[in-house]
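Between the sequences and the hints, there should be enough to build the whole structure, so can you do that?
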Amino acid sequence: MMAVGSPDLPVAREERQPAVPNAVLAVLLFVGAELMMFAAFISAHAIGRANMVEWPPPGQPVLPLESTAFNTLVLLGSGVAMRYAGRLYDDGKVDTSFKALLGSLAAGTFFVVFQGVEWARLLADGLSFRATPYGGFFYLIVGAHALHALVGLGAVVWMVARLGRNTLRREAFQAGRLYWYFVVALWPVLYWRVYL
Amino acid sequence: MSVAHDHDHGAHDAHHHEMSFIEKYIFPTDHKYIGKQYMFTGMFMALFGGFYAYVFRMQLAFPNMSVPFFGRVSPMEYNAAITQHGTVMIFWVAMPVLIAAFGNFLIPLLIGADDMAFPRLNRLSYQIFLVSAVVLIASWFVPGGAFGGAWTAYPPLSADARYSLTPMGSSMWLIAVALEFAAFLLGGINFIVTAMNGRAPGMKWNDVPMIVWMICIASILFMASVGPLVAGAIMLLFDQNLGTNFFDPRRGGDPILWQHLFWFFGHPEVYVVLLPATGMCAEVIPVFARKKLFAYDTVLYTTIGTGVLSFFVWAHHQFVAGIDPRMANVFTITTVLISIPIAEMVFLYIATLYGGSIRYTVPMLWALGFIFAFLIGGVTGIYLGASGADIYFHDTYFVVAHFHYTFFPIAFIGTFTGFTYWFPKMFGRMMNETLGKIHFFGTMISFNFIFLPLFATGLGGDHRRIYNYNNFPELATPDLQNLRILATVALLVLIAFQFIFIYNTFYSMFFGPISGTNPWKATTLEWTTPENPPGHGNWPPDNMPTVYRGPYEYSVPGREDDFWPQNQQS
Ligand code: HEM
Ligand SMILES: [Cu+2]
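In order, the protein sequence lines correspond to chains L and Y.
The first sequence maps to residues 1 to 196 in my numbering.
The second sequence maps to residues 1 to 570 in my numbering.
In case anyone wonders, no lab produced these hints; they're calculated from the structure.
Bear in mind the structure is a predicted one, so any value in this text is a computation, not a measurement.
The beta-carbon is built from N, C-alpha and C at its ideal position, and this holds for glycine as well.
Wrong hints could be hidden among the right ones.
Chain L regions said to be covered by chain Y (calculated; three or more residues, Cβ under 8 Å) [said to hold, decoys possible]: (1) 29-41; (2) 46-55; (3) 133-145.
In silico SDA-like cross-links for lysine to any residue, where the CA-CA straight-line distance does not exceed 25 Å [stated by the list, open to error]: (4) Y:LYS204 <-> L:VAL20; (5) Y:LYS204 <-> L:PRO18; (6) Y:LYS36 <-> Y:ASN468; (7) Y:LYS204 <-> L:PHE129.
In C-alpha cells form, the structure reads like this:
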C-alpha cells in the first residue's frame with residue numbers, strides 16, 4: 001500500500017499500511033468542516049429564534065412534526081442498513097451486503113422524496129422564505145441537508161454499481177459509508193433544533 | 001496506492017511516459033508545479049493589493065488630488081479600494097502563498113514523499129482558486145463598481161444593494177471568497193492526509209520539520225473555522241439576492257450575528273497565516289545559526305495551544321458592538337492568554353540564536369526581521385485585547401497599525417524568508433545576495449516608516465475608513481497631516497524597493513549561479529534530492545529516502561561536517 005503518488009509515477013516504495021486509509025481520512029476531515037458549518041446554521045437559528053417575540057411568527061404555518069418524525073425513522077433505518085452492508089462486506093458476504101446496501105438506498109431515496117413533498121406542501125401553506133427568519137432558516141437548513149443527502153445518494157448509487165460488479169474497494173466503501181452516516185446522524189439533530 | 005486515482009491507471013507502470021507541455025505546465029499534477037502556480041498567482045495578486053494601497057494612501061495624504069495612474073479618487077472608489085486591498089492581501093496573497101504555495105511545494109519534499117496523496121484533487125484546488133481570482137478581478141469592472149463594504153462585509157451595509165450601491169460587486173465578492181474557500185478546503189485535506197500517511201520510513205512525529213507541522217495545524221484551524229463563515233456567506237448571499245432577512249434588522253434579522261460568524265472564522269484565520277510564517281523562521285534560523293532548533297517539543301505544544309485558544313477570542317473584535325460587558329471580560333482574558341504561547345514561541349526562536357554561529361544570509365535577515373516586526377504587532381495586540389482600552393482604540397489607525405505589524409511580517413517578510421531560502425530548490429539557481437540585502441533593508445526601513453506614524457495618528461483620533469480628514473476640523477491639523485504624508489511617502493519607497501526583488505527573482509531564475517542540491521548545507525530531506533530542482537517524483541522510485549534522525553542536527557560534536565542530514569545513517 002503506497003501512501004501517496006502521482007497518477008503517472010511508478011510505485012515509489014514497498015507497500016505500507018497507514019493507520020487510516022487516505023480516502024477515509026479525507027472524508028473525515030471534510031465531514032468535520034461540514035459539521036462546523038451546520039453548527040453555525042443551528043446557532044444562527046437559535047439566535048434568530050431568540051430575537052423573535054413569537055415562534056412561529058404570526059401568519060406562518062406550524063412545521064409538520066409527526067410526519068417528519070416518521071421520515072426521520074426511515075432515514076435512521078437507512079443508516080442501520082448501511083451499517084449492516086459494511087459488516088457483511090467485511091465478513092466477505094458480498095451478495096448479502098449488496099442487498100443491505102440496496103435497502104439503504106431505498107430508504108434514503110424515500111426520505112429525500114418525502115421531504116420534497118413536505119416542502120412543496122409547506123410552500124403551498126404559505127411558509128415564506130422571505131417574510132421572516134422563521135421560514136428563511138427552515139428552507140436554508142433543511143435545504144442544505146437535502147443537498148448533502150442528494151450528494152450522499154449519488155455516492156450510494158455509485159457504491160451499489162461497484163459492489164454489484166464486486167469492484168468496490170474497501171477504503172472507498174468505508175469512505176462512502178462514513179459520509180452517509182454523517183448525513184443520517186445529522187438529521188435528528190436538525191429535526192430537534194428546527195422542528196421541535 | 002492512493003484512492004484518488006484508480007488502480008488500473010498508470011500508477012503501476014514500471015516507467016513513466018514523457019509529459020507534454022500542457023500536462024507539465026498548464027494542468028500539472030506535480031506538487032512542485034502546483035506550488036509554483038499558487039506562488040506566482042499570489043504574487044501577481046499582490047501587485048493589485050499594493051496598487052490599491054497606493055491609491056487610497058495617496059488620497060489620504062493629498063486629498064482630492066489626481067492620483068498618478070488612477071485619477072481622482074471618488075468616495076465610492078476609496079471605499080472599494082480599501083475593501084479590495086484587504087480582501088486581496090489576506091485571501092489572495094497571504095493564504096495562497098503561505099499555505100497553498102509553500103504547503104504544496106514543501107510538504108512532499110520535506111517528508112520524503114513522491115507527491116501529494118491526491119494529486120488530481122490538488123490540481124482541481126488550484127483551478128478553483130484561479131477561477132475565484134478571476135471572479136474577484138471581474139467584480140472590479142461590473143456596473144456599480146467593486147464592493148466597498150470593507151473586508152469584513154458587515155451587514156446591513158453589505159446585505160442590501162440599496163445601502164451598498166454595488167448590486168453586482170457585493171455578490172461577486174462573496175462568490176469569489178466562497179470559491180476560494182472551496183479551493184483551500186481541498187488543499188488542506190490534501191496536506192493533512194499527505195503528512196499523516198506519506199512520511200518516509202523512520203520519520204517519527206518529532207522528526208517532522210516544523211514548517212510541515214505548522215502548515216498542517218494551520219490547515220486544521222482553517223477547516224475547523226471556515227464552516228461558520230461559509231454558513232454566514234450563504235445567508236448573506238440570500239439576503240442580497242433572494243430577499244431573505246437573516247441580517248437586516250428592519251425585518252427581524254440580526255446584524256451582530258454576522259459579526260460572530262465572521263470573526264469566529266476571522267480570528268483563527270490570522271493564525272492560519274501566522275503559523276506557516278513562523279514555521280519558515282523555524283526552518284531558516286537553525287540553518288543559519290548552525291544550531292538545533294531550541295525546544296522542538298515546546299514549539300509544537302505552544303503552536304497547538306495557540307491553535308486551540310484562537311477559537312475562543314473572536315469577540316475581541318466586537319467590544320464596542322454592543323455585546324454584554326461580562327462577555328467582554330471573558331474575551332479579554334482569553335485574548336491576553338493567547339499572547340503567552342505566541343510570546344513563548346518568539347523566545348524559543350531567540351533562544352535558538354543564542355550561542356549559534358550566525359550567518360547573515362538574505363533568508364536569515366528576513367527571519368530575524370520577522371521576529372522584530374511581529375513582536376511589535378503582538379505587543380500592541382495586548383493593548384487592544386483589554387476591552388477598557390479598546391473602547392478608545394477600536395476602529396482607529398492604532399488597530400490598523402497593529403494588524404499591519406502582524407500581517408506585513410506574515411504575508412511579505414515571511415514569504416521573502418521562505419522564497420529566498422527555497423529559491424535554489426525551486427529553480428536550481430542562487431539569488432543575488434547584494435540585491436537581496438538592498439531589498440531587505442529598503443523594505444524593512446520603509447515598512448516601519450509607514451506604520452509607526454499610524455500608531456500616532458490613531459492615538460490622535462484618526463478613525464479608519466475615512467475618505468478625507470479635512471472634513472473633520474479637529475483632525476485636519478498639520479501635525480496629523482504630516483504623519484499621514486510620511487506614511488504615504490514611505491509606502492512609495494517600499495513599493496519602489498519591490499522592483500529590485502522582482503528583477504532579482506527573474507534574473508536569478510535564468511542567469512543566477514547554479515546552486516547545487518544543498519547550497520545552505522541543511523539537513524532536511526528536500527536538500528537530498530539527486531536532481532536539482534527535483535524531478536518528477538522527487539527521488540528515484542527505488543531510492544526513496546529513509547529517515548534516521550531529527551531535522552535540526554547542526555554542529556553535532558564529534559562529526560566532521562557541521563550538519564547531519566536526516567537520511568544519513570552515520
Ligand atoms: C498576540 C496576539 C494578538 C492579539 C492579542 C491581538 C489582538 C487584537 C485585537 C483585540 C483586535 C481588535 C481591535 C479592534 O478592532 O478594536 C485586533 C485586530 C486585528 N488583528 Fe490582532 N491580535 C493579535 C495577533 C494578530 C495576528 C497574528 C494577526 C494577523 C495575522 C492579527 C490581525 C488582526 C487584524 C487583521 C485585525 C483587524 C481586523 C479589522 O477590524 O479589520 N492580529 N487584534
Ligand atoms: Cu482577533
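Worksheet item: Taken at face value, is the distance from the CA of VAL20 (chain L) to the CA of LYS204 (chain Y) at most 25 Å?
Response: Since the Cα atoms of LYS204 (chain Y) and VAL20 (chain L) sit roughly 16 Å apart, the hinted pair holds (cutoff 25 Å).
Worksheet item: Has the segment 29-41 of chain L got at least three residues whose CB is nearer than 8 Å to a CB belonging to chain Y?
Response: Answer holds; 12 residues pass the 8 Å Cβ test.
Worksheet item: Are at least 3 residues of the segment 133-145 of chain L within less than 8 Å of chain Y when you compare beta carbons?
Response: With 5 residues in contact (Cβ-Cβ under 8 Å with chain Y), the coverage given for the segment 133-145 of chain L holds.
Practice prompt. Sort out whether ASN468 (chain Y) lies within 25 Å of LYS36 (chain Y), counting only the CA atoms.
Written response: At roughly 40 Å apart (the allowed maximum being 25 Å), ASN468 (chain Y) and LYS36 (chain Y) break the hint.
Fill in: Restraint check for LYS204 (chain Y) with PRO18 (chain L), where alpha carbons must lie at most 25 Å apart
holds, 14 Å
Worksheet item: Counting residues of the segment 46-55 of chain L with a beta carbon closer than 8 Å to any beta carbon of chain Y, are there 3 or more?
Response: holds (count 4)
Worksheet item: Under the criterion that the straight-line Cα-Cα distance not exceed 25 Å, is the pair LYS204 (chain Y), PHE129 (chain L) satisfied?
Response: With a Cα-Cα distance of about 53 Å, the restraint between LYS204 (chain Y) and PHE129 (chain L) is violated, given a limit of 25 Å.
Hints 6, 7 from the earlier list are contradicted by this structure; the remaining hints agree with it.
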